[in-house]
Amino acid sequence: MSNYFEIKDLKINFETSEGIKNVININELDLHKGETFGIVGESGSGKSVLAMSILRILPSPPAFIKSGKIMFKGKNLLELKEKEIQKIRGKEISMIFQDPRSTLNPVFTVGQQIINVIRYNKFLTKKDAEKEALRMIKLVKLPDAKNTLHKYPNELSGGERQRIIIAIALSCGAELLIADEPTRNLDVTIQAGILKLINELKEELEITVLFIANNVNLVFIVSGRVAVLYKGKIIEIGTSQEIREEPIHPYTRGLLGIVSPAEREIKNLTEANLKEGIKAENSICPFFYECEERIEICKKISPTLTKVNNGHWVSCHRVIDREVDNESTSISH
Amino acid sequence: MSKKSNYYNILIKRRLETLKEYLYLLKQNKLTFAALIIILFLIIIAIIAPIIVPFPSHIYGAVNPQDKLLSPSWTYLFGTDEMGRDLFSRVLYGTRISLLGSLIAVAMGLLIGVPLGLMAGFYGGFIDEFVMRIVDMFLSFPPLLLAMAIAAFLGPSLQNAIIALIVSWWPWYTRLIRGQVVSIKEREFVRAAHAIGTPSWQIMYKHILPNCISPVIVQASMDLGGIILTLAALSFLGLGAQAPIPEWGLIVNTSRTYFLKAWWYGIFPGMAIFIAVLCFNLLGDGLREVLDPKTKKY
Amino acid sequence: MNQPALVIKNLKKYFPVYSGFPPRVKNWIKAVDGVTLNIKKVETLGIVGESGCGKSTLVNTILRLEKPTSGEVILEGKDIFHLNKREMSRLRKEIQIVFQDPFWSLNPRWLIKDIVGEPLRVHFNLSLGEILSKVEKLLGMVGIPKTALYKYPHEFSGGERQRIAIARALALEPNFVILDEPTSSIDVFSQNQILKLLKKLKEEFNLTYILISHDLSVVKSMADKIAIMYLGKVVEYGPAKKVFESPAHPYTNALFKAIPDANTKDINSIIALEGEVPSAINIPSGCRFHTRCPVAREICHKEEPPVIKLSEEHEAVCFLLKKGERGESLL
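Protein chains in written order, with my numbering: chain A, 1 to 333; chain B, 334 to 631; chain C, 632 to 962.
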């Protein structure tokens, strides 16, 4: 339980041409101040929806937050009025996205863009704002800060643009940074630089980072604690060390490339697999169709997060089956 | 069942399914659907006009001086004009002229404009430059001016007005398609077709065209309305249909002189123009909504 | 028996950059700047490189979708840039490609049966029934049920679409298949399935693969030999196992160390390279990697390094690897 940041019973639905689809169903997720928390999820897992819901920038329709709370420093972000949440965006919680090309406005210089954000959120004169912008550019370790101020986004490379975006995100003193696939579109050698930068900034500025990516190894080396997201549900959560040493959920193991004992032949796909329709929320484990270790009960009841170890929780019937200490009760974190 | 007939069965079923989906989407927007119904209604009228018209001889001009300029009555639903002709019959028949005229103009415009746009976009380089400069040239001619020139040259007539409109309209389609083609030809399925060895014309017409036809369909359906309007305008100015053809614009033109005496004269053809153009515009709008999300299908 | 089946000799592809009015050629984008590779039959060559290294252009040129500025590509003894029409059409049947993007590589307006059947319709004069049976068979080979014939691409998941793309690539029974990032846009589980499928098909049909991927685990699991490309040139080439165990070129080393895998301890174990990839218009003098190389020396600025043979089939392009007669480094 954390008083800093906590998501409780969050359910988000999407209106599609095929009916209402449940996209996020998280019982509990919390962040401790100053940590880097990683979320691993592939496309379709709902990770971006989750990120956007925190800052309330989900397009609604088609997305609808059905129920739940997102508590940040004692306030429920989902209940704040638009004016109030605007004060939080940028100043307390900031977000960086995956495509550095489209996040920056091509007709303004990067300096102008940083300055605009600073002046919107703080009352500074033009000169002071410029000084701040310079400071931020140096903070993200871009060489030749003075000249960079006057460059347009298309004059910078992908890695440089992403650094500018990080600068913008942190320019107003945000203490929680949500990084949604920040290195997805970058070359591998550049990616390493950005990851290191985020890590250094976290230490320097003492911020909390929520790091979201689909590459499980990436998330592990950056984060202290990790949650694995599958089809909108958290199926495993724990410290990155724990999960690395002993990944329990079949999906997590698959992500890590650990092949399950029974090799699956390339089988013809069932019609049910091809379409995802409306499903009653708790009728079946979301991973059922792809799971190689499923048992009868997996078809009938969706498992809930169960404690395996101190800090390591898994949502799988096989764990509930096991005998794990005396504390094997099905409480959600 | 032989493989071949089985194949066609399933194919037809599939196509019908797709059509049903489109219709369903169209129905969602009440306005569009209403517009579609009205247009179908107009088409039916246009087809059976010669049969249902109450005074067929009045269409082109039996003169009936004793009944001139009568206000609407049960015999003459829209009243009569200065020559005693039943306006209802003339306006009804005018549907045929307007719809047919605009259909021909749009169809020919597409027939000329689309292949040119495909080639310009696909081949790029010199062909692209050449075609687009010609397009620019033609786009600088206002249809009215062009119609006047053609009228002066060939003499004013309905056919010449339609020719003028075809000449003014085809460049829009070229420009529209070329822009689409340029972006689509970079898509991987086009590269795949090249790698397979598919001949260029097949790539253009079977691969690229189906993917960029939607904006053209939307534009064309709105143009059906626009051409009706421009045709009427040309006739109004005396450059299009000449008497005694019962073209709506021409009737409105003639009604000007009797405007104060016979209120019914210009109103009905005017309303016919209004309804037809409005419905085509609404249909075009609705089609845009229907066709767009389809192309974004993920 | 082990004659190279595909020989690429000093291939160069430059794109002109026009500027001024009237448009004159001011500069050249040197996308591929002298690539030489020998690929043996039934081998899988993995090509690894970041953006701008020229791998896409290389592939396009091999497929004859681009004309080379200079150099040769010899497929089974024939120079592919000097073929007559019939030979050209035969070439298309020899070498096919599976693209990265499973959505846009299939025409979204076409039914699956038309997509997979297209190569057959273009090259052969088959009856409708024959084409349908062949398409069914091809889909069966990749694990897609017959019901797919009359469906559209958007009705399938990424992994399934990729399989359909593979079925299409195999329709003409090619000997060579180029796999351009075949698993990048797919989820992890489908990735494994696709790789298994590709391996099975390779054995069944004696295929030679050219696999382009930035995902090292994919390359590790599939490639016999790998070539590392940087800014239009191959900087290292050799048996996959060897190169992974002991990368010789500094860039290869940096590349491998920048990618986290299951054994990477923490963020301090990955290495970031300074700077960015230079533009292909302004290729650095001497060794093109010297601007970012952590161990660059004076000579690296001035001269282009020679190809150093490290062992039977392992070679790299770097001054630091030059060894004297007694195996000592010459720098």
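Hints listed in this document are in silico derivations from the structure and should not be mistaken for laboratory results.
Among the clues, some could well be false.
Examples of chain A residues lying across from chain C (beta carbon under 10 angstroms, computed) [what the hints assert, rightly or not]: (1) G44; (2) S48; (3) V49; (4) M52; (5) L55; (6) A145; (7) G158; (8) G159; (9) E160; (10) L186; (11) I190; (12) V216; (13) I221; (14) S240; (15) E242; (16) L256.
For lysine-lysine, the following PhoX-like pairs were computed, each having C-alpha atoms within a straight-line distance of at most 20 angstroms [to be verified]: (17) C:K827 with C:K851; (18) C:K698 with C:K643; (19) B:K346 with C:K698; (20) B:K539 with C:K782.
Even glycine gets a Cβ: it sits at the ideal position worked out from N, Cα and C.
These are the hints, each one checked on the structure:
1. Nearest Cβ of chain C to the Cβ of A:G44: about 7 angstroms, under the 10 angstroms cut. The hint holds.
2. Taken as an interface hint, A:S48 does not check out: its beta carbon lies about 15 angstroms from the nearest beta carbon of chain C, beyond 10 angstroms.
3. Because the beta carbon of A:V49 sits about 17 angstroms from the nearest beta carbon in chain C, more than 10 angstroms, this interface hint is broken.
4. For A:M52, the suggested interface contact is broken, since its CB lies about 21 angstroms from the closest CB of chain C, more than 10 angstroms.
5. About 26 angstroms separates the beta-carbon of A:L55 from the nearest beta-carbon of chain C, more than 10 angstroms, and the hint is not met.
6. Interface restraint check for A:A145: the shortest CB-CB distance to chain C comes to about 16 angstroms, outside 10 angstroms, so the restraint is violated.
7. The restraint placing A:G158 at the interface with chain C holds, with a minimum CB-CB distance near 8 angstroms, inside the 10 angstroms limit.
8. For A:G159, the shortest C-beta to C-beta distance to chain C is roughly 6 angstroms, which falls under 10 angstroms, so the interface hint holds.
9. A cut of 10 angstroms between beta carbons decides the hint on A:E160: the least distance to chain C is about 7 angstroms, and the hint holds.
10. Nearest Cβ of chain C to the Cβ of A:L186: about 9 angstroms, under the 10 angstroms cut. The hint holds.
11. Of the supplied interface hints, the one on A:I190 holds, with its beta-carbon coming within about 7 angstroms of a beta-carbon of chain C, less than 10 angstroms.
12. Of the supplied interface hints, the one on A:V216 holds, with its beta-carbon coming within about 8 angstroms of a beta-carbon of chain C, less than 10 angstroms.
13. With a least beta-carbon distance of about 5 angstroms to chain C, the hint placing A:I221 at the interface is held under the 10 angstroms criterion.
14. Residue-level restraint check for A:S240 holds (minimum Cβ-Cβ distance to chain C is 9 angstroms; threshold 10 angstroms).
15. The interface hint given for A:E242 is broken, as the beta carbon of that residue sits about 15 angstroms from the closest beta carbon of chain C, more than 10 angstroms.
16. The criterion of a C-beta within 10 angstroms of any C-beta in chain C is met by A:L256, whose closest approach is roughly 6 angstroms, and the hint holds.
17. For the suggested pair C:K827 and C:K851, the alpha carbons sit about 13 angstroms apart, so the restraint of at most 20 angstroms is met.
18. A C-alpha spacing of about 10 angstroms is found between C:K698 and C:K643, which places the hinted pair at or below 20 angstroms, so the restraint holds.
19. Restraint check for B:K346 and C:K698: the C-alpha separation of about 44 angstroms exceeds 20 angstroms, so the hint is violated.
20. Between B:K539 and C:K782 the alpha-carbon distance is near 17 angstroms, which keeps this suggested pair within the 20 angstroms criterion.
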